[in-house]
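Engineer: Turn these sequences into a full structure, and let the hints steer you where they fit.
Residue strings, one per chain:
Number of protein chains: 2
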Amino acid sequence: MFKLSLPSLILLTCILVAQTAFAEDGYEMWLRYQPITDSQQLKNYQQQLSHVVVEGESPVLSAARAELEAGLGGLLNRSVTTDNKIKKGSLVIGTPANSPLIAGLKLDERLAQVGPEGFVITQAKVNKRNALVIAANTDQGVLYGTYHLLRLVQTHQDLTNLSVDSAPRIQYRVVNHWDNLNRLVERGYGGLSLWEWGSLPEHKNPRYTDYARINASLGINGTVINNVNADPRILSDQFLEKVAALADVFRPYGIKMYLSINYDSPRLFGDLDTADPLDPQVQAWWQARADKIYSYIPDFGGYLVKADSEGQPGPHGYGRTHADGANMLADTLKPHGGVVFWRAFVYNPDIQDRFRGAYDEFTPLDGKFRENVILQVKNGPIDFQPREPFSPLFGSMPNTNTMMEFQITQEYFGFDKHLAYQGPLFTENLNTDTHAKGPGSTVGKILEGKVFNYSRAGMAGVINPGTDRNWTGHPFVQSSWYAFGRLAWDHTLSAEDIAEEWIRMTFTNNPAFIEPVKEIMMESREAGVNYRNPLGLTHLYAQGHHYGPAPWLDQSGRADWTATYYHRASKDGIGFDRTSTGSNAVAQYHPPVRDVYGDLKRVPEDLLLWFHHVPWTHQMKSGKTLWEELVGKYYEGVEQVRTMQKQWDALEGMIDEARFEHVKALLKIQERDAIRWRDSCVLYFQTLSGLPIPAALEKPQQSLEHYKTLERTHYVPEPWHPASSSRALR
Amino acid sequence: MFKLSLPSLILLTCILVAQTAFAEDGYEMWLRYQPITDSQQLKNYQQQLSHVVVEGESPVLSAARAELEAGLGGLLNRSVTTDNKIKKGSLVIGTPANSPLIAGLKLDERLAQVGPEGFVITQAKVNKRNALVIAANTDQGVLYGTYHLLRLVQTHQDLTNLSVDSAPRIQYRVVNHWDNLNRLVERGYGGLSLWEWGSLPEHKNPRYTDYARINASLGINGTVINNVNADPRILSDQFLEKVAALADVFRPYGIKMYLSINYDSPRLFGDLDTADPLDPQVQAWWQARADKIYSYIPDFGGYLVKADSEGQPGPHGYGRTHADGANMLADTLKPHGGVVFWRAFVYNPDIQDRFRGAYDEFTPLDGKFRENVILQVKNGPIDFQPREPFSPLFGSMPNTNTMMEFQITQEYFGFDKHLAYQGPLFTENLNTDTHAKGPGSTVGKILEGKVFNYSRAGMAGVINPGTDRNWTGHPFVQSSWYAFGRLAWDHTLSAEDIAEEWIRMTFTNNPAFIEPVKEIMMESREAGVNYRNPLGLTHLYAQGHHYGPAPWLDQSGRADWTATYYHRASKDGIGFDRTSTGSNAVAQYHPPVRDVYGDLKRVPEDLLLWFHHVPWTHQMKSGKTLWEELVGKYYEGVEQVRTMQKQWDALEGMIDEARFEHVKALLKIQERDAIRWRDSCVLYFQTLSGLPIPAALEKPQQSLEHYKTLERTHYVPEPWHPASSSRALR
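Going down the list, the sequences are from chains P and D. Take the first sequence: its position 654, counting from 1, is numbered 698 in the working numbering, and each next residue is one higher. Take the second sequence: its position 660, counting from 1, is numbered 704 in the working numbering, and each next residue is one higher.
Do not rely on the hints blindly, as some may be mistaken.
If chains are identical, the list can't say which one is meant, so a pair holds when it fits in one copy or spans any two.
Unchecked claim - Distance condition first, Cα-Cα at most 25 Å in a straight line; then the derived PhoX-like pairs of lysine-lysine: (1) LYS690 / LYS248; (2) LYS708 / LYS132; (3) LYS645 / LYS87; (4) LYS668 / LYS690; (5) LYS494 / LYS712; (6) LYS615 / LYS87; (7) LYS668 / LYS645; (8) LYS712 / LYS248; (9) LYS248 / LYS708.
The set of hints was computed from the structure by calculation and includes no laboratory data.
Structural biologist: Shown next as structure tokens:
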């Protein structure tokens with residue numbers, strides 16, 4: 045029988061209590077390490093992971109060891125001993141280079157397959173005893189294997205005969221923060237910026253380490269810590285010293301530091317009167333800055349650049365191309381091994397169709413970028429809408445290293461107020477076949493670099509967490525962060541499997557909880573589409589803040605910042621004609637994609653109004669008219685939220701009260717907002733269609749005029765926006 | 045012998061661990077309830093507080109019971125049982141009205157003395173058994189007594205023969221928040237506003253309850269939750285619904301809800317084209333709003349008003365007086381029992397001496413305010429400077445209810461970066477004798493309402509905590525909050541005793557820690573004075589943010605927003621002549637105060653330059669010249685910080701690492717800033733005095749020009765300020 049001494053029993057029980065106490069506010073994300081409650085399962089794991097052997101010494105290995113001590117200590121309900129004696133049930137971690145034990149296992153072939161960041165987890169005889177081994181070619185791989193093993197235990201997987209060979213499919217797995225230096229976060233809904241500039245470098249908040257752990261557990265290997273609308277001060281000496289302190293914290297977790305830079309920095313610093321990338325003085329300025337950065341951060345990753353986009357400066361201001369601009373920077377980083385992420389989010393105000401902007405701008409430059417430039421392309425052609433077709437740049441830049449940019453922060457998904465698991469959105473885009481080099485040229489495969497033999501490719505996610513105790517505001521925004529990271533490692537995973545992992549690690553392994561919550565999550569993105577912009581409608585948001593609806597919006601700073609620009613609704617119908625009779629943006633896709641999207645009969649109905657202007661009476665596959673279908677979708681969206689509420693409310697008592705009540709309250713807000721979206725859009729479109737809302741449906745709660753008033757007067761939670769304090773009343 | 049069963053032992057140890065886990069980030073403030081570690085002491089308390097008897101039912105009593113369960117559960121390391129059976133060592137709490145046990149104790153005389161909010165704690169025979177009793181006239185008094193008893197245990201006081209009769213000396217004990225509705229906090233350095241407007245009223249963050257507990261534990265009985273620079277939307281229906289949800293959370297803790305209002309609301313709501321207080325339409329508008337507020341919050345406390353001050357609208361705009369403005373509002377609240385806190389922080393740009401502003405404005409109106417108006421006067425005549433003489437309005441408004449406003453948030457004390465315990469500042473002002481009605485007319489006594497027989501009087505503290513995990517940014521800002529609350533209850537307490545209580549509750553009862561930390565705290569305010577503005581200098585801050593030094597500042601929006609306005613330094617000397625040869629502000633004090641302050645020979649040297657313009661060669665009591673003394677003070681300030689650092693660093697290991705390292709890092713920043721202050725001021729004043737820095741002192745680290753550059757380029761942590769993102773570079 046397995047026996048515990050009294051002190052052990054006390055320690056063990058205490059860990060349980062302490063863990064529970066910590067867990068209730070969401071701070072620990074998916075690294076909660078709750079004790080296994082099934083006693084047989086616990087016993088099995090305790091035998092299989094009796095103690096830990098780490099040979100070699102490095103900051104990364106120390107991080108792995110610390111994680112095992114915290115993780116196994118919590119999960120297995122006892123303190124973890126680490127020494128170099130092999131026992132039955134030892135866990136041995138290391139690389140052939142730093143661990144003679146690992147070197148002796150002859151894993152060379154398997155290790156050769158998993159590359160510099162991958163790992164092998166396998167049962168093996170070590171010194172004639174059965175042991176579990178995490179082996180990798182680098183300490184970084186060992187750390188990733190450590191998190192993988194912990195995930196298996198967290199989700200109660202069987203370790204018997206375990207054999208895992210895993211390597212990331214995508215090379216650059218990067219999170220982006222849109223944090224301003226005054227600590228306001230653009231499109232951030234989880235508090236102030238995590239980076240406490242005022243007390244850096246002196247004070248390293250312990251939270252920085254937890255941030256690194258959270259990302260490393262997913263295999264994230266880079267972070268851009270400041271807003272793409274970049275404050276030039278980030279490159280000043282005083283800030284580089286602060287940035288270096290953060291880089292020091294992140295380094296043992298394999299997370300490289302990148303910075304967003306302001307293209308006009310040489311001018312804004314007051315050193316030059318130009319930022320022309322072909323000017324030798326400008327080149328020298330940037331070279332000196334790069335050298336300075338690397339003197340602070342020897343493994344600095346590189347720059348992220350938003351240039352000539354939404355008012356940001358760029359090479360166009362000097363009559364130069366994006367390639368000129370990117371290459372000049374890339375050349376200054378090249379000697380140090382850095383890269384430039386150059387954003388393709390460019391759409392000039394004078395173009396006929398914003399959809400076409402990035403493609404028209406960048407395809408002529410294909411092949412003109414340096415090898416250490418990676419073009420960072422948003423997943424869709426417009427801007428992180430709840431549903432977009434994939435950007436036609438994926439598949440159209442065969443000679444330009446390319447990466448994808450997803451948005452995890454819910455700018456268009458109800459901020460921190462609505463539940464919207466974006467796993468299905470990510471996989472929808474990643475799995476779409478671009479047909480760029482025949483069938484099988486999926487977006488995901490392009491990001492692997494395999495379709496076009498890119499030397500560098502990647503995936504970036506705009507995460508925008510903040511000082512809120514649970515990082516993301518809505519507890520379920522954590523799930524999209526989790527899904528992003530898991531898919532950046534392996535884009536072939538399913539959104540549903542990822543959701544289940546996340547639920548198990550974040551809440552509980554209780555199946556009575558997992559199944560309904562998985563249903564809620566898998567339904568949530570489509571619900572968000574339905575009550576906002578179904579059937580391929582897009583961008584009907586109130587201007588600026590993007591929270592509530594304003595389908596009537598027809599005046600703004602730019603035509604493509606209005607809603608009417610996108611829906612083009614009139615008495616004769618609705619939708620944006622992007623076929624050859626319209627903007628012909630559809631021609632930016634390869635056949636057969638362009639043919640399917642361009643054909644009213646074949647286009648998927650959920651993208652219908654993205655590509656076609658269609659009469660209100662158009663007959664849909666359901667047999668209903670477009671009007672009826674559209675109205676039906678809006679109503680369905682609200683019903684989906686109501687179902688989510690019922691499902692959630694039935695889970696009371698299965699998890700801690702704090703998170704349960706929080707989500708419950710937020711779902712109430714979501715229902716209220718969904719009704720407002722539904723009514724605003726249906727009533728507004730009705731003024732154009734002139735058609736009735738089917739009698740079987742509940743009446744709109746308020747008049748169109750009322751909802752129009754709300755656009756001006758309803759409080760919008762948007763702390764980052766200075767103008768938010770001067771909104772109108774009532 | 046006292047014996048524990050195994051389950052009890054486990055539970056007990058677990059509480060210890062869980063408490064420790066929670067405690068390390070400062071979230072629990074002084075309500076940490078750490079287990080008593082001395083076993084004899086623990087045993088004594090366990091016997092003296094064996095279980096809890098609460099007769100009667102009310103939300104306030106439930107709050108008291110919950111606090112005892114949490115508090116004694118933690119402190120005594122075991123779960124607390126509550127039922128109505130008297131045992132040996134029972135703690136019986138209640139009022140004669142709701143508890144027959146209490147009613148039977150014949151405490152009537154003692155209870156009569158402690159009034160509606162006070163309490164009696166006493167050993168008594170209850171049902172023939174020795175019990176400890178917390179008795180009060182109201183449930184609110186019971187709650188205050190509960191916190192008092194917990195404090196005694198937290199600070200390890202002996203309960204044998206305990207007999208306490210306590211009542212607040214000051215009636216209105218109110219905290220003020222300067223929170224904007226977009227959640228940015230003006231002069232707040234602890235994160236975003238605590239009030240999550242976007243998810244209220246649906247979601248009541250559990251933190252709201254902890255906020256109420258923290259304040260109630262000090263006896264705070266009111267809170268003004270929004271900025272005095274008030275967004276009119278706070279009075280809209282949508283916000284009142286949110287405010288009411290907060291009021292519901294605060295009510296069981298005896299904390300009344302007050303709101304800052306914008307005087308022009310009737311106009312800004314678009315309902316009227318005037319806000320003239322004598323216009324019947326305006327009166328009707330405010331009456332309707334008041335009725336509406338009370339329909340949401342039946343026990344609403346009233347308004348705080350900043351009118352005709354720093355650009356805020358007010359009655360002057362309509363040719364009316366402050367009394368006209370305040371009385372109109374007071375009349376609309378009167379039927380509901382509400383009050384108006386009317387701020388006296390008024391200084392017109394055209395006056396000769398800002399010092400004189402409030403007095404000149406308000407003394408002519410003495411006696412003209414309604415009974416339910418209370419004039420809220422800042423402690424000093426200028427604006428929360430590290431040292432100010434008391435405001436001459438204290439003692440000059442015999443017929444106007446008056447309260448004091450202190451600032452806890454460190455606008456002028458280094459934000460969340462510098463350690464500055466303000467207990468000594470508060471007591472310095474409170475204990476000063478105004479001589480308004482002869483000797484003994486201290487400021488504190490005026491606030492008791494006793495000098496002038498005010499029907500209402502009080503103390504307000506601007507606290508500005510935020511979403512930072514530890515509420516206040518710098519852990520030691522908590523101590524000033526604590527001191528404010530304790531002094532509002534009893535202004536005769538000493539700053540040192542309060543510091544000790546706070547240290548014991550917040551960190552540890554270990555004397556080896558208490559003594560040096562108490563020294564640090566007691567020294568810290570004077571250190572802050574010395575390195576910023578010794579000998580009665582004041583307001584030498586960089587414009588706007590008030591963090592770093594700019595004694596050279598001579599241009600600004602207003603003359604009294606420059607530094608030169610205050611120090612008046614020139615070749616001939618330094619200081620503001622406020623005697624009869626100058627602005628004669630000193631005449632606003634009663635004799636003999638005016639005579640002492642006005643007499644160069646008698647004025648306390650730490651107020652010298654507040655009242656006198658003095659030659660650089662003036663001989664000080666020390667025998668040094670003014671110049672030497674001034675330079676010496678600046679250098680002393682830096683040395684004090686260095687001593688604080690050494691003292692703190694020696695405490696490593698006595699408390700949790702997280703808070704230890706945080707404070708240590710902040711003290712490094714404070715030393716850096718103190719040097720910058722010292723050098724900036726000494727080098728700048730030297731350009732005028734032409735005198736040498738004594739050779740024995742260390743040389744300034746940088747040139748004056750360098751420090752002037754820093755004013756523009758050095759990063760200032762000021763998230764609330766939108767302009768902070770456009771500061772110059774390097």
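Engineer: Which constraints among the numbered hints does this structure fail? Numbers only, ascending.
Structural biologist: 2, 3, 4, 5, 6
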